[in-house]
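**Student:** What follows is the residue order along each chain.
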Amino acid sequence: MDLTEVDDNVYEIAREGDMRVPARVFASKPLLEKMQEEGQTLTQVRNVATLPGIQKYSIVLPDGHLGYGFPIGGVAAVDMEKGVISPGGIGFDINCGVRVLKTDLTYADVQGREEELVERLYDLVPCGLGKGAYVHTDREDIDGILEGGMEWMLENGHAREADLEHCEENGRLPGDPDAVPEDAKKRGVDQVGSLGSGNHFLEVQRVSDVYDAATAEAYGLHEDQVVVMVHSGSRGLGHQVCQEFIRRFERTYPDLVDSLPDRQLVYAPIGDDAAEEYRKAMYAAANFAWANRQAMTQAVREAFADLFGTEEVDLVYDVCHNVAKEETHEVDGEEKDLLVHRKGATRAFPAGHPQVPEAYRDVGQPVLLPGSMGTHSYILAGGERSMDLTFGSTAHGAGRLKSRTQAKKDYTAGDLQQELRGEGVYVKARSGETVAEEAPGAYKDVDEVVRVSDALGIGTKVARTRPIANIKG
Amino acid sequence: MSYEILPHPADVRFRATGPTLDAAFAAVVDAFADLSEGAGEDGQRHEIRIESEDGEALLFDFLAKLVLLQELEECAVSRAETVDIEERGEGYALVSTVRAGPIEEALFDIKSPTYSQMVVEERDGEWVLEATLDI
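Chains as they are written, first to last, in our numbering: chain S, 84 to 556; chain P, 127 to 261.
Chain P extracted, bound-state conformation (with noise of 0.2 Å):
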């Protein structure tokens, strides 16, 4: 799994992959902890649980539980620990153990997921994720 940050004329983008949806979407933590710009200690382990309608809005919520996180328990995102992604139906249920220390300097503020020119596809047996935030 790997990701990169990828330019954007006003917010923040990145892409995340991976081999399967569950690395992908753990890659997704790792972007978004490098965007904030504070990741030091693992810290502590904060469970998110999210059910959506389908892959999109999936990454949508999930990158909107992030930004909770940070914002309402005050760490930085450090990495996710796991990731299980099960496909319900017509949507998807994820349980996430993602690790967040303490916040040593003020964050860059990433204030919300959007689904601006967002990709959720499985190309060539690689999910690619990719998304922008506003800040």
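For reference, chain S alone in the conformation it holds in the complex (with noise of 0.2 Å):
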């Protein structure tokens, strides 16, 4: 493969063969070089490439790892009228994504009483699959929610009003229950605030640097304040309304199975029936993943009002990084509409954006860029570059470096949750071998992932944070 430094930390592949545009990787060598030894990174990007309507570049970004067909970290803009969807490119667990809350409390108020806390937390959010979720909803209460995302949430009482101004598209994009598979809403009964397994995560924070001060404090922030973390998504929903569409797709289209380098880069052409019945259903699991991830924040709102009697646990911003929407960017000079799918990657909008929300449309959009449970998270701010390189795309996270089966064999849970107490982090999993599988030394240096999107001016410093308390499924 044909790899040439166009500028510092990106790199293209030409275009060949059935390319249709070049792949732009967005890394440092060394994240370039663990994604060569990974092996198929460069080629998934590659394939991507190859999808009709594409629009400039094919791109990875600096935590891009193997992928189902597209790469983690992967983007691609595609043209509305030429284009089309494709579920790989979105990801299985649909509006996957991370939220963090602010409090009123700094790290002093919650020392000596971190063991208490994460045990409450684990109390009140279900882990794993099988213990059902934080909200209590029935059959008819999924089609509120596949229809009404936060709205839904708000008008049944488990949300305030200024949760909506901070989230993404407010917490609802266009979805259709009636697009939504039967065998998927089933499964989103009664798993709404419900944290999964994986890497999954809901982690109290405390804000251990401040980069961009301005900023930091237009979002909110300043150092040694406690904040919390959620990373979670769709649940099974999300995967089912995915693997059925993947499924309808190759029934609809068996010459285009054929044809492609990779079958699950299947996809049909905007416009198409199918096309349109996914979009309406990933949206209305969008909507699901955002009720999902608000009904955690009301959860955490619970234990903290509890245990140190604060109402103030406010949404700083929450991103979706698995996902594909209707956008307008400016190609060869021209503003076009464009489907941007973003695969483990995050929205970055700079200050000034229209969509940016209004309390931040001087500073930038927040971006959430979670580390490990062992090292930092990082809060950046959408950088001015975005909209030119990256389709306003920044990465999504880490990215593993070690497999589940390595990490098990590397690290043993007891050893790691000792070693992680001395540093002042509590951990409590569903089972030990999660913790292991967890492990900080099983993702890549989130700090250099960091660096580039810093460097290349996609997705700049604002704030750093250091785990104190972590639970996962």
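Just so you know, the hints here were simulated from the structure itself, not pulled from any lab data.
We put the beta carbon where it would ideally sit given N, CA and C, even for glycine.
Do not rely on the hints blindly, as some may be mistaken.
Simulated pairs of lysine-lysine, BS3-like, Cα-Cα distance not exceeding 25 Å [to be verified]:
| id | chain 1 | residue 1 | chain 2 | residue 2 |
| --- | --- | --- | --- | --- |
| 1 | S | Lys-185 | S | Lys-165 |
| 2 | S | Lys-408 | P | Lys-191 |
| 3 | S | Lys-268 | P | Lys-191 |
| 4 | S | Lys-419 | S | Lys-363 |
| 5 | S | Lys-165 | S | Lys-363 |
| 6 | S | Lys-419 | S | Lys-139 |
One-sided excerpt, in silico: chain P residues whose CB lies under 10 Å from chain S [to be verified]:
| id | residue |
| --- | --- |
| 7 | Glu-179 |
| 8 | Asp-187 |
| 9 | Ala-190 |
| 10 | Glu-231 |
| 11 | Lys-237 |
Counterexamples of contact, computed for chain S against chain P with all Cβ distances above 10 Å [unchecked claim]:
| id | residue |
| --- | --- |
| 12 | Asp-90 |
| 13 | Pro-105 |
| 14 | Lys-185 |
| 15 | Arg-196 |
| 16 | Glu-197 |
| 17 | Glu-234 |
| 18 | Asn-253 |
| 19 | Glu-300 |
| 20 | Ala-301 |
| 21 | Leu-339 |
| 22 | Ala-388 |
| 23 | Asp-389 |
| 24 | Phe-391 |
| 25 | Glu-409 |
| 26 | Arg-483 |
Using the hints, put the two standalone chains together into the complex.
**Tutor:** In structure tokens form, the structure reads like this:
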């Protein structure tokens, strides 16, 4: 594969074969080498460049790694008239995303009570499969949530007005419950306010460093403040939507399946019935994911009110990192309507963009970038160059370095928990295996991912946080 | 028939083998039960019936049924009692009886099958099935 360095932290795979555009890799040399060692990431970004209607470049961001069809950390923007929609470019966990809540507490307020806090959160937010959720929902509620997202949560007493104002798309996309398969809806019952497994977590953190005081102030953040980060998605409901539409696309376009470099890239032309049904179902699943993160927000509010007597737990922002949305971008000097697929990638709109919430419009959209449970997480601001370089996007996290099986061989849960406790991090997980699988050493260096994002000007550093208490499925 | 858990950078992956396609699919259930971390009692019988256009789609659809079974019936898959696969024209029909017991501790949450690096092949008289599951 011909890879050329075209700028600092920017590499290009030239157009060849069936590629309709070149591919661009936004990474430092060490991060690029990790992608090359892994083997498939660059092949996947190259394959994405074959999609009909793709514009400018197929993109992989600094945290890129092996995904399903598309790489994780991938961005593909397609023409709304001539392009296609691909579930692989959105991911199984539709609107998997992150939110950060700020509190009026400082680290000193919670120090010494971490164990109590982690136990309380673990009691309130079910982890893994089969334990219910914080908000009880029946089948009828699911239709309401699929239609209304955060609006349904507000109407039903599970959100504050300000929560909607501080959420990407105000926590609602134009989804249609009727487009969502029945089994997906059944999987959504009693799951609103549940964490799941894998890399999803709920983490109490403290702001350890502020890099951009003015932007941090606009976000309501200051050093030593206690914040809470939630990483979860649309649970089984979103996965069922994705898998059923992949199968529907395969049956609708059988010749396409045979022609694809990777079956998981299957797509439907925008405008076809199958594509439009999927888009409506995907948006509805995104609404469900927002409701899920909102329900966990309510659980955090309950825990903080009970333990610390504070009602000041406010949403800073909520970002999706698995979604495709209609946006306007400049291509070859012209404004074009595009469907921007972000798979393990965060929207990072800069200051002045009309889709940035009013409160943050002068400084840029908050970008929330989790690390691992023993390292840092970051809060960035959408950078000025993001619109030009990456269709208004940046990385979504650290990205894994080791497989779960390798991590279980390399780390022992008990030792790891003790070691983390020594560093002031209290972890409670569904099982010891989960702790080992999610060991800090199993993840790439989040600092380097952020350094590259900042240097490129696509997402710039505002603040860094360190974990205090973490629950995992 | 046997199975092996394979490394994957972010999710979970397995290889199941058997002298026949039926036996290899039965080993898929063993791998799935192991990955879910919930297999205990045999529990109740559940019938799975699917028709799929090719081998990969058959494995995808079968895994999707196992995920749905655990989640909607709130049970922990333990093993396949029977698997019968018939080749039909350009596709396959599968009927299987799967045993699943009560969930004692929350399961590891397997949410979906994927086609990522999927393998459905006959090699030297043995069927080899590999799949990655999204968690």
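**Student:** Could you check the structure against the hints above and give me the numbers of any it violates, in ascending order?
**Tutor:** Structure breaks hints 1, 2 and 26.
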